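2 protein chains.
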Amino acid sequence: MLSTTPRTRPGRMKERARTGREDLYAVLDAGLICHLGVVRPDGTPTVLPTCYGRIGDTLYLHGSTGSPSLRGEGEVCVTVTHLDGIVLARSVFNHSVNYRSAVVYGRPRVVTDPEERLAGLRAITERLAPGQWDAVRLPTRKELAATALVALSLAEASVKVRQGPPDDEEEDYALPVWAGVLPLRASWGEPEADPALPAGVDVPGHIASRAAPGR
Amino acid sequence: MLSTTPRTRPGRMKERARTGREDLYAVLDAGLICHLGVVRPDGTPTVLPTCYGRIGDTLYLHGSTGSPSLRGEGEVCVTVTHLDGIVLARSVFNHSVNYRSAVVYGRPRVVTDPEERLAGLRAITERLAPGQWDAVRLPTRKELAATALVALSLAEASVKVRQGPPDDEEEDYALPVWAGVLPLRASWGEPEADPALPAGVDVPGHIASRAAPGR
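First to last, the sequence lines map onto chains A and B.
Mapping to full-length UniProt numbering: the first sequence position 126 is 126, numbers consecutive.
Mapping to full-length UniProt numbering: the second sequence position 157 is 157, numbers consecutive.
Pulled out of the complex, with its shape left as it was, chain A reads as follows:
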C-alpha cells in the first residue's frame, strides 16, 4: 500500500486515486521519461524532462555532474504521466483526459557506491532501451566520473488513473451529441540506422522485436 502524507493525500478527484504499490510500479515501468521538479535557489520551480530507472522501491535519475538539479540538495518531485485518450463529453465542462500518472516526493540521495552506481545506470538505460546494456560499450571510468546519479525513495508517492467514457450531467445524456473516448497510443516506428553505420550491421533482435512486437 502507498502511504498517505500531506503531499500524497488525494485532494480533488479522489475516485481516481490508486493506493497499491503495484499500481505505482505499473505506471513507472510503463514510462520512458519523467518530469523532474526542483526548487531553484531563487525559490522558483523548474520542471525538466529526464530519464529514470527503478529498482525495487528506489527510483534512479542521472545527469551531468555539472547539472544543478541533481546535486541531491533539497526536495524534488518526479512525475510520470501516460496520456491514454481524450474524453469527449456532451458538455465542454466535462471534457477530460484518460491518463495514468505517478507522483513521487522526496529528497534524493547522491549515489557514490560504485556497485549501486552501475546498477542504477543500468536500470536507467534498460528502461529506455532494454537489452542495450549488454550489447554496447559499457561506461569508462572517465564517463562514470562525469555522471551524477541520485536515488529517490518511492516511500512517498501517489498514483491517479482515469479510464472510461465521460461522466456527463444527467440532463446532458439526452443531447444529440456524440460522446466517447478518442484513444491515444504510442508506438515504435521502424529503427532508423545511423548513416555512419557500416553495411552489414543488422538491427539486433532486442531492438527489432520492440519495433514490431507482432512479428
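By construction, these hints were calculated from the structure, which means they are not laboratory data.
Some hints here could point you the wrong way.
Put simply, identical chains are the same to the list, so a pair is met inside one copy or across any two.
Stated by the list, open to error - Below, computed lysine to any residue pairings styled on SDA-like, alpha-carbon distance capped at 25 Å: (1) K14 / R40; (2) K142 / H206; (3) K142 / L184; (4) K14 / D113; (5) K14 / Q163; (6) K142 / A174; (7) K142 / T4; (8) K142 / G74; (9) K14 / Y25; (10) K14 / L83.
For clarity, every value in this text was computed on a predicted model and none was experimentally measured.
With chain A held as given, fit chain B onto it using these hints.
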C-alpha cells in the same frame, strides 16, 4: 526571438537550444498536456500534469477553484515535452532521446474578465479536442463559476530540441554495434463511443478525421 534570462539561459547541451518564438509555438501547439510545477507552502516542489491552451503569447491553464496550484500565487513552471525516439548509441554513455521541449516560467494571472475567461477555456478545449467547443453544450454560469482560469505570459521561455542519430565517441564508430534511432510515435485510435450513447449518433467529422487523417 525568445529572451534570455537566468532561468532560460542554456546551460548544458547549448546546441539543443532553439531561440525563435515560432519554435516555442510549434512545441506548445503540438502538445496535449503540460507538466505544471509549483512550490508548495512547505517549500517543496509539486509537478502535476494538466491541460493548457495558447492564444498568442499567453498560455491558459484551468482547474477547479478548489485546486491549490492555480490560485495565481507565486511563480510556476510549465513544461511541454514530446518524446520522439530513443537514440541508441554504440556506448551506454551516449544513449539519449530525441525530443522537443518547451519550458515556460512566470507568475500566472488569475483571469476574471468574462470574455477572456471564455476565450481561454475555449483555447484549452480546442487544444485537446479541436471542433468540440462548437459541437457540445457550452458552460453554464454555475460551471464557469466553478472553474479557475489563469494566464501565463510566454515572455520567459526556452525550447530544446534533439534530433538525429547518436553522437558517439570517435573511436566507437568502429565497433560492430548497431546504432541509430528507434522512433516513437503517438497516434489516435478509433473513437470509442460512450456505451450510454443512443443508436444513430455518428462520430462527427471533426473527430473521425483526427483519428484517421489518411482517409
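Here's how the hints hold up against the structure:
Within a single copy, K14 and R40 get their C-alpha atoms only as close as 31 Å, which misses the 25 Å cut-off; across copies the closest is 20 Å, which meets it. Within a single copy, K142 and H206 get their C-alpha atoms no closer than 28 Å, and across copies no closer than 54 Å, so neither meets the 25 Å cut-off. Neither within a single protomer nor between protomers do K142 and L184 lie at most 25 Å apart by alpha-carbon distance, with minima of 42 Å and 31 Å respectively. For the homomeric pair K14 and D113, neither the shortest alpha-carbon distance inside one copy (40 Å) nor that between copies (31 Å) is at most 25 Å.
Proximity of K14 to Q163 under the C-alpha cut-off of 25 Å is restricted to the intra-copy arrangement: shortest distance 14 Å within a copy versus 40 Å between copies. Taking CA atoms no more than 25 Å apart as the test, K142 paired with A174 passes between copies only; the shortest distance there is 20 Å, against 67 Å inside one copy. Within a single copy, K142 and T4 get their C-alpha atoms no closer than 42 Å, and across copies no closer than 33 Å, so neither meets the 25 Å cut-off. In this assembly of identical chains, the alpha carbons of K142 and G74 never lie at most 25 Å apart, being 27 Å within a copy and 41 Å across copies at closest.
For the homomeric pair K14 and Y25, the shortest alpha-carbon distance inside one copy (20 Å) is at most 25 Å, but the shortest distance between copies (34 Å) is not. For the identical chains of this complex, K14 and L83 are intra-copy neighbours only, at 19 Å inside a copy versus 30 Å across copies, given an alpha-carbon limit of 25 Å.
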